[in-house]
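Please take these sequences and the hints and turn them into a complete structure.
Each residue of the sequence shown is one higher than the one before, starting from 1351 at the first, in this note's numbering.
Check each hint, because a few of them may be wrong.
Quick list of simulated restraints, FRET-style, between CB atoms [stated by the list, open to error]:
1. Asp1496 with Asp1461: 14 to 24 angstroms
2. His1434 with Glu1484: 43 to 53 angstroms
3. His1360 with Ala1477: 32 to 42 angstroms
4. Gly1364 with Thr1502: 44 to 54 angstroms
5. Glu1488 with Asp1461: 54 to 64 angstroms
6. Asp1374 with Glu1459: 54 to 64 angstroms
Derived from the structure by calculation, the hints contain no laboratory data. Since the model is a prediction, treat every value here as computed from it, not as a measurement. Don't be surprised by glycine CBs; every beta carbon is placed ideally from N, CA and C.
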Amino acid sequence: MSVKIRLQRHGKKGKPFYWIVAADARAKRDGRFLEKLGTYNPNVNPASIDLDVDGAVQWLQNGAQPTDTARAILSYKGALLKNHLAGGVRKGAITEEQAEEKFQAWLSEKDGSVTAKKDAVAKAEAAAKAKALEAEKEVNAKREADAVQAETEANAEEVVEETTEEAVEAAPEAEAATEEVTKEASNEEE
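Structure representation (structure tokens):
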């Protein structure tokens, strides 16, 4: 029986979630499996991977062949490195302590790079939020300025209308006054 380490799809449409499993190569993709080794969630940035490294190494030592994607995940989490170091221990090239020391050094370096990526993603999100907030503030300031300008124009129109109404109301009085002045002037001439 040939064993494969592969991904088993779960989750809903458009939101995949995978189990990393050791399964018979003849079994269906989402069918029977021998052991669940971990999970893989590509929906978050960076993708979250939980993996039983020791279990994966044991299956690799027993001859299980990972698929391409599973191989990339095993490499990312260090299972292939640990398998390689275990091979060196079996051959006598290095001791168990040296192998464990190398693996821990690699893990700490990997954790540093992952946290740096998370920090970069968080900074990028914060910068995008700040930029969107500034753009929104500019739009709001422009709207307020336009509203103030429209209000002053409306007030100016009201003042013009009031003055024209007063002028229209005062026009008959002014005409009457001018007529009286002209009558007086004509009376004085006679």
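Here's how the hints hold up against the structure:
As the Cβ distance of Asp1496 to Asp1461 is approximately 52 angstroms, the hint placing it in 14 to 24 angstroms is violated. Range check, His1434 to Glu1484: about 50 angstroms between beta-carbon atoms, so the 43 to 53 angstroms window is met. Between His1360 and Ala1477 the beta carbon distance is about 34 angstroms. The supplied range of 32 to 42 angstroms therefore holds. Taking 44 to 54 angstroms as the suggested C-beta distance range, the pair Gly1364 and Thr1502 conforms, at roughly 52 angstroms.
For Glu1488 and Asp1461, the hinted distance range of 54 to 64 angstroms is not satisfied, since their beta carbons lie about 41 angstroms from each other. Take Asp1374 and Glu1459: their Cβ atoms lie about 36 angstroms apart, and the range 54 to 64 angstroms is violated.
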